Structure formats: structure tokens, C-alpha cells
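Participant: Those sequence lines, one after another, are chains A and B. To convert, note that position 243 of the first sequence is 243 in this note's numbering; the numbers rise steadily by one, no gaps. Position in the second sequence counted from 1, then plus 462, gives you this note's numbering.
Hints were generated in silico from the structure; no laboratory data involved. In this text, all values refer to a predicted model and were calculated from it rather than measured experimentally. Relax, there's no trap hidden among the hints.
Quick list of the computed label-pair ranges, beta carbon to beta carbon:
# : chain 1 : residue 1 : chain 2 : residue 2 : range
1 : A       : Ala298    : B       : Ser625    : 33 to 39 Å
2 : A       : Phe37     : B       : Gly535    : 35 to 41 Å
3 : A       : Glu48     : B       : Ser625    : 19 to 25 Å
4 : A       : Leu444    : B       : Lys475    : 57 to 63 Å
5 : A       : Asn173    : B       : Glu493    : 46 to 52 Å
6 : A       : Gln185    : B       : Gly556    : 24 to 30 Å
7 : A       : Glu30     : B       : Gly535    : 30 to 36 Å
Not close to chain A: a few residues of chain B, all C-beta gaps over 12 Å, as computed:
#  : residue
8  : Gln503
9  : Thr523
10 : Phe557
Covered stretches of chain A, going by a simulated chain B footprint (3 or more residues, C-beta under 8 Å):
#  : stretch
11 : 50 to 58
12 : 80 to 94
13 : 146 to 152
14 : 217 to 224
15 : 255 to 267
Positions of the beta carbon are idealized from the N, C-alpha and C atoms, including for glycine.
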Amino acid sequence: MRFQEIDLFAANLRADQRASVYKATKGTHEKRTAMLFDQYADPNRLREIAGEIKQHAIENLDTYLPAVEAKMQANGVQVHWASDAQSAREQVLAIMRARGAKKMVKAKTMVSEEIELAEYLGEHGIEALETDLGEFIVQIDHDHPSHIVRPIIHKNRREVAQSFERHGLGAYNDEPEVITRRARQFLRHKYLQADVGLTGANFVSAESGRIVLVTNEGNSRFSLAATRCHIALVGIEKVVPRDRDLALLLNLLARSATAQQLTVYTEFISGPKRAGQPDGPEEMHVVFVDNGRTEVLAGKCRDILRCIRCGACLNVCPVYRQASGHAYRSVYPGPVGAVLSPLLMGERFPEKADLPKASSLCGACQEVCPVNIPIPDLLLRLRDRAKQEHVSSPGTPPMGAWALLASQPTAWKAALAGGKLINHLPTQLLPVPALRAWEQRRSLPEWRGGEFRKWLKGRRRG
Amino acid sequence: VADERAAILGRVKAALATLPERAALPEYDAELPVLRKLLAQRELFEVFAERITLVHGEAHTDPEAVARRLRGGGWLRGYCDPELWPRLAPYFAGFTVETAFDRTRIDDYAFGITRAAGAIAESGTIILNDATSSSRLGALAPWVHVAVIAGADLHPDLPHAVSRLGDDPNVIWCTGPSKTADIEGILIEGVHGPGIQIALVLD
Chain A
1 MRFQEIDLFA ANLRADQRAS VYKATKGTHE KRTAMLFDQY ADPNRLREIA
51 GEIKQHAIEN LDTYLPAVEA KMQANGVQVH WASDAQSARE QVLAIMRARG
101 AKKMVKAKTM VSEEIELAEY LGEHGIEALE TDLGEFIVQI DHDHPSHIVR
151 PIIHKNRREV AQSFERHGLG AYNDEPEVIT RRARQFLRHK YLQADVGLTG
201 ANFVSAESGR IVLVTNEGNS RFSLAATRCH IALVGIEKVV PRDRDLALLL
251 NLLARSATAQ QLTVYTEFIS GPKRAGQPDG PEEMHVVFVD NGRTEVLAGK
301 CRDILRCIRC GACLNVCPVY RQASGHAYRS VYPGPVGAVL SPLLMGERFP
351 EKADLPKASS LCGACQEVCP VNIPIPDLLL RLRDRAKQEH VSSPGTPPMG
401 AWALLASQPT AWKAALAGGK LINHLPTQLL PVPALRAWEQ RRSLPEWRGG
451 EFRKWLKGRR RG
Chain B
463 VADERAAILG RVKAALATLP ERAALPEYDA ELPVLRKLLA QRELFEVFAE
513 RITLVHGEAH TDPEAVARRL RGGGWLRGYC DPELWPRLAP YFAGFTVETA
563 FDRTRIDDYA FGITRAAGAI AESGTIILND ATSSSRLGAL APWVHVAVIA
613 GADLHPDLPH AVSRLGDDPN VIWCTGPSKT ADIEGILIEG VHGPGIQIAL
663 VLD
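From just these sequences and the hints, can you work out the full model?
Facilitator: Spelled out as C-alpha cells, the structure:
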């Protein structure tokens with residue numbers, strides 16, 4: 001039998017990787033739940049309101065986007081628009097070239113992963129260095145992040161220590177503290193040599209034009225203290241209506257992502273540095289990136305654009321915990337990725353149409369979502385779309401014969417009675433591989449076809 | 463490039479034109495996310511000191527205690543905001559302190575002392591901005607950061623602090639020392655920013 005790609009990956013995942021992912025996701029999820037329910041009488045109310053705010057924002061992007069652009073320009077920010085990945089990459093490169101810049105330090109941004117920015121800049125002679133510890137390790141390993149908040153959730157300390165040794169960052173040492181100090185020492189000088197700092201944005205306020213960034217390590221802060229030019233890559237769905245909405249969203253984001261009351265550094269950036277401040281960018285650019293989002297906005301799954309990238313749905317998902325992030329073959333793994341990744345493929349949707357099927361529809365993802373996205377519903381809509389578009393579905397047994405049988409009452413009754421034969425056959429000797437695999441572990445239950453009909457008939461008479 | 467702007471906004475408009483109605487912006491109590499019980503009938507500084515300790519930061523009210531802490535850690539060389547130095551110098555006998563931050567020697571500074579724009583009691587957060595910070599790097603690169611905060615600038619909670627962001631282009635909320643749990647979920651402090659975060663609240 002053929003399998004779906006995601007199932008194949010999960011089946012071949014190394015046991016120690018599965019264990020790392022399972023332990024880390026379960027731990028974070030439990031801390032998150034304890035914290036929310038300990039601190040709030042009704043945390044669900046917060047999630048629902050946050051969801052309504054974000055839904056309102058995406059359904060009014062036609063007014064909020066021009067509004068936020070005008071605010072930003074008034075704040076001294078240069079605003080750019082990119083329809084797709086190629087355009088976004090080219091515009092970032094053009095900004096760098098206009099400054100004669102050769103070096104960029106990058107904070108963690110999922111949009112830059114989406115458009116494969118670092119690789120592109122590298123091909124064009126620009127060093128684009130990841131500064132988030134996890135992303136830095138991913139970069140020196142030529143790997144991909146497997147979690148949107150914890151990029152190296154799939155790696156253990158020994159692997160990281162080997163990477164550092166290979167990369168000339170000191171002799172093998174797998175103490176996380178030693179590894180972190182070495183990264184600190186290496187990267188701080190890189191910030192100072194770089195001309196451009198690139199970040200994403202967790203939120204953008206339409207009211208004030210501020211972008212909001214959260215990090216725990218302080219890498220984006222360092223980028224914006226050491227470099228002279230700030231470029232922010234922002235997905236068009238990041239807009240929130242007002243500054244006051246940020247208090248609610250920040251409280252939910254930190255608790256949902258890492259079970260913190262607040263992420264260590266929350267930066268509210270509205271433009272280049274203030275006159276008199278010696279450090280920081282004199283020039284700020286915001287690149288609004290579409291890259292498939294307007295198509296999602298036009299479709300039935302637009303609610304996924306509420307997502308604030310906390311990763312809580314990954315942490316709680318029984319499929320993610322077993323399969324790990326790389327199984328999703330996308331920048332966005334887990335339940336959110338199972339919806340967003342196929343959608344962002346545009347016409348190449350069929351290539352990732354297996355992802356929405358890798359779910360038991362248990363609903364845990366929606367329960368933990370800080371913006372209450374109905375992920376199970378969206379997964380069903382995408383399954384339906386795959387069916388409508390006749391996307392092949394390996395791993396699904398052919399149902400044609402069954403459908404024929406079930407639509408012919410006489411044939412059905414005969415099959416029910418005839419099935420009794422199986423009770424008298426040596427099933428373990430039958431040449432049906434699926435049956436033999438089953439019989440190796442347990443015995444087939446006795447065939448009782450027709451019993452229910454018999455019982456029902458009896459009831460009616462009585 | 464102007465075309466791309468028009469194209470994106472055109473697609474947004476077309477996408478939303480199909481909606482029979484748009485989701486309304488919910489009205490809600492701005493205080494909804496506030497931990498009210500924590501703040502009820504307590505001094506703001508008391509709550510702030512408790513919350514910053516929970517995130518592994520420190521709160522002090524006496525410059526002498528801060529100097530002692532730095533001496534105890536062996537952090538004897540550092541940077542101080544020139545406006546603060548006259549007031550703090552008497553407590554820092556035996557220290558080597560510069561009042562200009564030289565970015566070519568960032569590893570020479572074990573500590574940085576800068577003014578903060580305020581603090582948030584509810585979360586133990588220190589608020590930095592460009593108007594009050596003499597050097598973004600001076601507050602960030604040294605191993606120890608001492609933020610000097612006026613007692614009057616303590617905010618009770620996040621919504622209150624958000625409502626007073628003002629027009630500063632760079633407002634940073636710092637909640638404890640820089641940290642990571644990227645490697646096997648083990649907490650390590652002092653990744654790129656300070657490993658020790660101290661708040662000195664003065665009247």
C-alpha cells in the first residue's frame with residue numbers, strides 16, 4: 001500500500017527525536033494551561049475576544065492597510081509592497097544595494113523563512129546571519145526550523161555541540177550554557193559589523209503605525225541598537241486596529257507560546273531612532289508581503305489569517321507530537337500549518353493536500369488557540385477542496401466496490417450472510433497481506449453479519 | 463512598485479467584496495487581561511519587586527545596595543548615563559566608570575547604568591525608550607543592566623503602560639534578563655542581552 005508523505009516521514013522519525021519533540025511540547029502545553037487558568041477566571045473569554053479583534057482586522061484590511069501605511073509614512077518609515085516571494089526578496093536586496101550594504105543580521109521571522117530570504121541574499125553576495133540561537137543553529141546546519149517558536153525542538157545538545165565544533169566555535173562541549181555563551185560572543189560582534197537589521201513583526205497597530213516585536217533573547221533589540229538601517233518584513237495580516245488591543249494580545253501570545261506572562265523583550269517600534277540617540281537605525285523600511293495571503297482572504301479558510309504564530313496548537317497536537325515539524329514539509333507545521341501551508345501553495349495546492357488529512361479532528365488546537373481559530377472546521381473544508389479537485393489520496397483504501405455493494409440491498413444481504421464463511425477459514429493462511437499483518441497481533445473477531453437486521457426485525461414485531 | 467501596492471490592495475478589496483457582512487470590532491473592558499487580584503490594595507513598588515523577582519530580575523531602592531551587588535559579582539568596570547553619574551558617583555568608589563559608550567570595545571563594559579522611562583508592576587517589566595536612554599547599546603550589551611526608574615513612573619498594568627507609549631519611536635519593555643530555552647528546553651539567561659537585570663527605583 002502507498003502512504004501519504006506525512007505518514008511516511010512520521011513512521012521513519014528517529015525515536016530520540018520523537019521523544020524530544022514529545023517532551024518539549026507536552027511540557028510547554030501543560031505550563032500554559034496551568035498559567036492561564038491560574039491567573040484568569042475565564043481565559044476562554046480572552047481568547048474569544050482576541051479572535052474577534054483579529055477577525056475584524058482581517059475583514060477590514062481594505063481600510064486598515066492604507067491607514068497603517070499613512071501612519072508609518074508620517075512616522076518617517078518607507079513603506080514597500082511585495083506581491084510574492086520573489087518581489088519581497090528583490091526589494092530587500094534593492095534596499096541593501098542602495099546603501100552599499102553587504103551584511104545583514106536577521107531576527108527570527110517566519111515570513112523570511114517563507115520567502116527563503118537568507119539563501120537568496122547569500123547568492124547575491126550578502127551575508128544574512130540568523131541571530132536567534134535556534135535559527136543560528138538551523139542556519140549553520142543547513143537545516144530547517146521544525147517549530148515556529150522553537151526552531152530546534154528536534155535537536156539534542158549533542159547535535160548542537162557537534163555543529164558548533166564543525167563551525168569553528170570551540171571544541172566539543174554540550175553544556176547548553178557554554179553553547180549559549182559562545183553564540184553570544186560570536187554574534188555580538190556580527191551585529192556591530194552589520195549595516196542592516198532585519199526583523200518581522202508580531203503585530204502592527206493601525207492606530208499608531210507601530211510595529212510590535214517580541215523576543216526572549218534580545219537579538220532583535222541588538223540588531224536595532226547596532227545597525228543603521230531597519231527592514232521589517234510584515235505579512236499583510238499582522239494589522240490590529242488599536243494600540244489598546246495590544247495589551248490583550250501580548251498577554252495571550254506570551255502565555256500561549258512559552259507559558260510566560262510576557263515575553264522578555266517587547267519592542268514597540270514606530271520609526272528611525274530619535275534625534276540625540278547615538279545608537280540605532282537612521283532609516284526604517286517596512287515591506288508588506290502578500291505572497292498568497294490575499295488568495296486566502298478571498299477563500300473559505302480566511303479565519304486562519306488571525307493566527308499570531310504562538311505555536312500552542314503545535315504543542316498540543318497529538319499528530320505534531322508524533323510526527324515532528326519536518327513531516328509537514330512547510331515553513332508552518334502543526335495544525336496551523338496543515339491549514340495555512342496548502343493554502344499558501346496557490347495552484348500547487350495538491351502537493352500539500354495530505355496535510356489537512358493528518359489530523360484526528362480532536363479539536364485540541366482550537367481549544368488552545370489564543371485567537372480561537374476553528375482549525376478543525378478549516379481542515380474539513382480543505383479535505384473537501386481536495387476531493388472537489390480530485391487530488392489523489394494515497395493510503396485511502398478504494399471504496400468503489402463497497403459503494404456498489406452498499407447500494408444494492410440484495411447483494412448486501414447476500415454478502416452479510418456469505419461473510420459467515422470466514423469463520424470457518426484458516427484466516428492466517430489467506431494470501432491477503434493486510435489481513436496477515438492484522439492476525440500477527442490479534443485475532444479477527446467472529447463474523448456476525450446480519451445479526452443487527454435480525455434483531456431489528458424482531459423488535460418491530462414485538 | 464507602485465503597481466504592486468495597487469495590485470495587493472485591489473486583491474484585498476476584491477476578496478472582501480464577497481463578504482455579506484464584516485466582523486465587528488468587539489467592545490471589551492480594556493482591563494480584561496489585568497491581574498486585578500495581584501494589584502488590589504498594594505503599593506505598586508511592592509508588586510513590582512515581587513514580579514521582577516519571579517522573572518529573575520532584581521529591584522532595589524538604594525544605590526548603595528546596587529553598588530554592593532556589582533562589587534560582589536566582580537563587575538567593576540562599566541558605563542553610566544552622564545546625567546545619572548553625578549548622583550551615583552558617591553556610591554561607586556573603586557569602580558571604573560565611563561560616561562560615553564564606545565561601541566568598538568563593548569566587551570570592556572561589565573555593567574551599564576541607564577535611565578528607564580518607567581516600569582510595570584503587574585509583570586515586573588522595565589520600560590526603556592529613546593528619550594530617556596542615553597545609549598541603546600549601553601543598556602543592552604553589558605552583562606549587567608541597571609535601569610534607574612523614577613518611582614512616579616511605575617504603571618500598575620499593561621493596558622496602562624500601553625496607553626502611555628507616547629510618541630517615542632523605540633519603546634522596549636524588558637521583563638527579566640535575556641533568556642533562551644532553545645536547547646533541550648533548558649533555561650539559560652544572558653543570550654544576547656543582559657544576564658542580570660536590575661531595577662533601581664528612586665524617588
